[in-house]
Amino acid sequence: MLTDQKRLSRKWQHLFLLIIVCCFTWLSIEMVQFDFYQSLLAIPTAGLWMVENLWITADTWREFPDIMLKLVETILMSVAATTIAAFISFFLGISGSTTTRRNGLMAGLSRGIASVARNIPVVAWALILLLSFGQNSLTGFLALFVGTVGFLTRAFMETIDEVGLKPFEALTATGATYFQVISKAVIPQALPQMLSWMLFMIETNIRSATLVGILTGTGIGYTFDLYYKTLNYEAVALVTLLIILTVIAIELTSNRIRKVIL
Amino acid sequence: MALLEIRGLNKSYQDHRVLTNIDFTVETGEFLSVIGPSGAGKSTLLRCINRLVEADSGEILFNGENILTLGRKSLRKERANIGMIFQHYNLVPRLTVIENVLHGRFGYKSTLQGMFGIFSEEEKERAFYLLEKLGIAEHAYKRCDQLSGGQQQRVGICRALIQDPKLILCDEPIASLDPHSSKVIMDYLKSITEEMGITCIVNLHQVEVAQSYSHRIIGLNKGHLVFNGPNRQLDTHHIGEVYGMDTRELITV
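Going down the list, the sequences are from chains A and B.
Counted from 1, the first sequence has number 15 at position 15 by the numbering used here; the numbering is strictly sequential.
Counted from 1, the second sequence has number 214 at position 214 by the numbering used here; the numbering is strictly sequential.
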């Protein structure tokens, strides 16, 4: 039980914390000389510019087949990068999970790979790989792949720990071998959630692929960049619209798949 | 010769001693209960017997073989002889009842047979016979997560029985069940010992249940064995010793 005095002092603590956070916000704004009021005023002008320039006209639709081609290329690249990464992460996840790990060295290695891959942002990977692989679709693919391996390995390890411990223990007690336990207790229980994570990463990667494409000169990102630099704003608008529609479509599809498998 | 003989068993986690110098024997066909407060080491003791937990020192003689020194292959063979039932049933919830029961055969199968789920007609018939016996044959093709707690525990018992074990370890089999299901499960366990001659070691929280079902009771307190005797001998004085307090402070019904 909290005494009244303690409760009161806790209230003061919260107020004190709030004041500190406010001070930090003010201090950082001052340091970078960010003018909040001016930025607010800029919003209407920027909006007006968008309405005037990002207007899809009949002419723009001539670009449609080219854009679609690149868009499909981007989607396929994201799907390929994610599924191959999921395959690798599956093994890393099993050897790194506290429930299913067999030896400390492999577990440490898996966790190490996962954390290095995850803690460097996909954009940074794209730029690093750009230096060694040059401007081509392999670079984009690899950047997405590495980031996805990092994220999925972590997600898979947690999924296995969450669902696998009890059946793992029970099947081990019956005298089952390690691979029997993995294939009959861990996989049936963890697979739906793993697939769900994979679908989530496909969505995320289609979004990231646009950004990675701008940097590596591939896919829809490159198309976007090209129209942007040639001041063809109508086409930029069309590209943006199509990306949004694709992402929504993919999300709806994967939600439906999720409902079936879970 | 005793079926199970435990000599000078010790186990600690880091600096914390869980089991200290445990000695006892279990005869074939015995129904033995282990009682004691939470954290007394009951679960650890049970898990040391089939080496889900590795003991620090001592001997566990099962069928005359020291379990603690077995290699991987022979350990697997001995584990197949020891069934286990858990408080939370530990089934694979997304698989069907019959699949879960057949998991009990893995100890006798090659890795590939197990991975591809290849079972003989005889094994399948035996699985259905056991489900019939425990009154859940009608649920054979349902997923386990659709069953009630009592039904899931019966699936757990079937999975243990299909191993043809000599010994069944039960880790608080009724701690998550309502009073009626608890009675059903305890009656099944008792009949397993009486009809099939399979030895049972049961961890229990309920002293009354231990007294009415078991032949013999073992009391643990802070990792020490403080009582070992026939159920009739366990009086209020001993109960107080096991739980480290006066019986009036306990709900013993």
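Among the hints, erroneous ones may be present.
[As the list claims (entries may be wrong)] DEER-style ranges, computed between Cβ atoms:
#, chain 1, residue 1, chain 2, residue 2, range
1, A, 109, B, 88, 26 to 36 Å
2, A, 245, B, 146, 57 to 67 Å
3, B, 12, A, 13, 36 to 46 Å
4, B, 117, A, 245, 52 to 62 Å
5, A, 42, B, 146, 50 to 60 Å
6, B, 88, A, 211, 44 to 54 Å
7, B, 117, A, 228, 37 to 47 Å
8, B, 72, A, 98, 29 to 39 Å
If you're looking for bench data, these hints aren't it; they were derived computationally from the structure.
All values derive from a computational prediction rather than experimental measurement.
We treat Cβ as the ideally placed atom computed from N, Cα and C, and that holds for glycine.
We went through each hint and held it up to the structure:
1. Distance hint check for residue 109(A) and residue 88(B): the Cβ-Cβ separation is about 32 Å, which falls inside the suggested range of 26 to 36 Å.
2. Taken as a hint, the range 57 to 67 Å is violated for the pair residue 245(A) and residue 146(B), whose Cβ atoms sit roughly 40 Å apart.
3. For the pair residue 12(B) and residue 13(A), the supplied restraint of 36 to 46 Å holds, since their beta-carbon distance comes to about 40 Å.
4. Distance hint check: the CB atoms of residue 117(B) and residue 245(A) are about 44 Å apart, inconsistent with the given range 52 to 62 Å.
5. Under the hint 50 to 60 Å, the C-beta atoms of residue 42(A) and residue 146(B), about 58 Å apart, fit the expected range.
6. Separated by about 45 Å at the C-beta atoms, residue 88(B) and residue 211(A) satisfy the suggested range of 44 to 54 Å.
7. Taking the beta carbon of each, residue 117(B) and residue 228(A) are about 56 Å apart, not inside 37 to 47 Å as hinted.
8. Distance hint for residue 72(B) and residue 98(A): a CB-CB separation of about 21 Å, inconsistent with the stated range 29 to 39 Å.
Hint compliance for this structure: hints 2, 4, 7, 8 are broken, all remaining hints hold.
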